[in-house]
Amino acid sequence: MQTLYAGLAEIFEIDTSEVGPDTVLADHNWDSLAIVSTIALVDEICSELLDGAALGECVTVSDIVALIPQARAA
Amino acid sequence: MGTSGKIVAIAHHLPKQVLSNDDLAALYPAWPADKILEKTGIQNRHIAAPDETAVNLAAAAAQALFAQGRVGPGDIDYLLFCTQTPDHVLPTSACILQKRLGLRTDIGALDFNLGCSGFVYGLSLAQALIASGQARRVLLLTADTYSKLIHPMDRGVRSLFGDGAAATLIEAVETETPALGPFVLGTDGEGAENLIVPAGGFRQPRTEATAVVEADASGNLRSAEHLYMNGAAIMAFTLGAVPAAVDQLLARAGASLDDFDAVVLHQASALILDRLRRKLAIPEDKFVVALRDWGNTVSSTIPLALEPLVRDGRARRVLLVGFGVGYSWAAAQILIGEP
Numbered sequence: 001m002q003t004l005y006a007g008l009a010e011i012f013e014i015d016t017s018e019v020g021p022d023t024v025l026a027d028h029n030w031d032s033l034a035i036v037s038t039i040a041l042v043d044e045i046c047s048e049l050l051d052g053a054a055l056g057e058c059v060t061v062s063d064i065v066a067l068i069p070q071a072r073a074a
Numbered sequence: 075m076g077t078s079g080k081i082v083a084i085a086h087h088l089p090k091q092v093l094s095n096d097d098l099a100a101l102y103p104a105w106p107a108d109k110i111l112e113k114t115g116i117q118n119r120h121i122a123a124p125d126e127t128a129v130n131l132a133a134a135a136a137q138a139l140f141a142q143g144r145v146g147p148g149d150i151d152y153l154l155f156c157t158q159t160p161d162h163v164l165p166t167s168a169c170i171l172q173k174r175l176g177l178r179t180d181i182g183a184l185d186f187n188l189g190c191s192g193f194v195y196g197l198s199l200a201q202a203l204i205a206s207g208q209a210r211r212v213l214l215l216t217a218d219t220y221s222k223l224i225h226p227m228d229r230g231v232r233s234l235f236g237d238g239a240a241a242t243l244i245e246a247v248e249t250e251t252p253a254l255g256p257f258v259l260g261t262d263g264e265g266a267e268n269l270i271v272p273a274g275g276f277r278q279p280r281t282e283a284t285a286v287v288e289a290d291a292s293g294n295l296r297s298a299e300h301l302y303m304n305g306a307a308i309m310a311f312t313l314g315a316v317p318a319a320v321d322q323l324l325a326r327a328g329a330s331l332d333d334f335d336a337v338v339l340h341q342a343s344a345l346i347l348d349r350l351r352r353k354l355a356i357p358e359d360k361f362v363v364a365l366r367d368w369g370n371t372v373s374s375t376i377p378l379a380l381e382p383l384v385r386d387g388r389a390r391r392v393l394l395v396g397f398g399v400g401y402s403w404a405a406a407q408i409l410i411g412e413p
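Just so you know, the protein sequences line up as chains R and L, in that order.
The numbering used here numbers the first residue of the first sequence as 1 and each following residue consecutively.
The numbering used here numbers the first residue of the second sequence as 75 and each following residue consecutively.
Just chain L, same shape as in the assembly (with noise of 0.2 Å):
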């Protein structure tokens, strides 16, 4: 028997605004609402209010988990919280959802800046925290508001993003098998410039000259302050990235993809889904598909497919992979539900 984390509620918040294929159809011509769906898998995006952050949004997913009745904030004795989208530079927005959440102060809180990647590199750190004694009940909250940082004409993004947060509550466990884990880590800065903002942090501050907007070979604008994606060399990168470490993973677990209930992929779009899927030849029946009515959410798109698993409270062997934004990509093992 050892100490492990466990995955035992999981809630989810998305702003009021939607963002649908007509909405979009209607400021891009060549798009109509009906190829949008076909090629995105999206219907909806959520998109946070101007003055709603990561924050907000990760504090009502924390409260609607609390709703659940299983622990309340003075249960929490660690926060992590993804965000690509923090409040401040400083100081960590982990610092200001303890005190909004009413988490009490003698515990760790702390940000981590990772994007698609960053729910499975959580439940990592949670299993650390978790098998090494530091905590016995970790809160991960993820929350990103990626659409402050897209151009609106830029359609090639535009159409894939949503803004969402999940809170994930992680409890201690005694078991035989590990009940988060074993884990697949990657990580490739050379993709860096494929996804990116450009300016506004500290390398490139933003300037008037920052600030132009261009077109580029597609029709989109955007200037060096908005989100830019390399859509071909994130396709490229995933469908090498993915598949290896759905190997090594498999190896480590000493498993096959056949003694897996389901399998979670960072919900990226229908097309790099559906690609995916057929590569690593995943029956349709385990493979779960859940961006429809929100999009692709950044860090929140697997614990959003996750949670009717996870209410449902089944007992499944589920397979994670989070890849995108760094480069980053991060595969695991997790056990849900009562066996």
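Excised from the complex, chain R in its bound form (with noise of 0.2 Å):
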């Protein structure tokens, strides 16, 4: 998990410190590029291509976490 939060501090230009399971996405950016990046940050971690659609609706940093093993189940 400290590798994903390692990483999308670096989409949100944040430390790491600051990542958790309760970071809201809307307090950082949360657009077109930092979703791009994401599925480009979980497919190197997890070896899972999350779908852009489902990453839209994410509120949390938890939210995406929840996606992962959705993505490995289907």
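These are calculated hints, taken from the structure and not from any lab test.
For each residue, glycine too, the CB sits at the ideal point set by N, CA and C.
Be aware that a few hints might be false.
[Said to hold, decoys possible] Listed next, the stretches of chain R that the computed footprint assigns to chain L, with coverage defined by at least 3 CB atoms under 8 Å from CB atoms of chain L:
# : region
1 : 2-12
2 : 34-42
3 : 56-64
[What the hints assert, rightly or not] To list a few chain L residues with every Cβ distance to chain R over 10 Å, as calculated:
# : residue
4 : 143
5 : 148
6 : 304
[What the hints assert, rightly or not] Derived coverage of chain L by chain R (criterion: at least 3 residues anywhere in the stretch with Cβ under 8 Å from a Cβ of chain R; other residues may be distant):
# : region
7 : 309-321
8 : 340-353
Two chains, each in its own frame: build the complex with the hints.
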């Protein structure tokens, strides 16, 4: 999880310590570029290709994490 | 021994007007110039003038190729023109180019409509024409003016795409090992709606309604007459299709990545290139990156990246992959330079 948080911190341009399950995406410029970057990040860490539309509906970091097992099951 | 096509020369042409990251940052306050460079790997894009079309750019690239002195217009016996921004619905832009370039009239000339996979498809077509004895010298022109399809306030695509053209000369050679191929080709129309100009063709003709500009969730503006790209879907497609195509090509070529001197992927963006390079475990010194000064020029990114390698004449085994709009993708092994 720390690798994911570190990657998200890079995308949000904040310190890793500021990223946790409750981090609100809208506070960190959660736009199309951030979503594309997150797809690349999760593919790199978990070998999972997440759905962009589902990512677009995520509100917090925990919502992103919740998508990862779904991607594995699909 | 058999007859194969071989790339022997490449030239390019870019429009004069430049759109820099500073220009873009002035329009999009949330995107500083240094962030645009970091995310896209692009510093400048070249933008065609209002009266400058893909045919103009392609003609200039072909003239630059002829100026290299290897061949003249009379030596070409087949013209392939890849564009998605032709001058007219009809006639075929390649016919206009035949006249403009002073090519012979006893040659074949055709357009084909593909985007970022188009150059590799063009090589596949050229190889088929040459190996079957239908042509000895194929001129493959690639040119696009996506800027004419992009809303100025759609930062997602405007920061990526630049206009440009390349001219590639493919000549017949007698050889033990084909200098073009094997190829891996792929198509999946399921992704058609993810990179599209919805209106302006016959399915959805232009009307007052199609000209209405709306903002998307990220604040980008566009109408149905503009280019739309679902970046997330394109990223997911790319990360799935490109590594699979590379695996298939390596199996078909009986080779490993170590056997290649260089890898040239479609120069989509730094983000995509970096992720693909690491996913495919390609060493940085073999991985060609060439988009900083002109951006994603669609069908011309691969020849633009390949041009310096062809010019220096060193023998190289190169792996190419084009991928994008369609979806359409193609991978190829090519041999360039003199052994």
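- What are the numbers of the hints the structure violates, in ascending order? 1, 3 and 6
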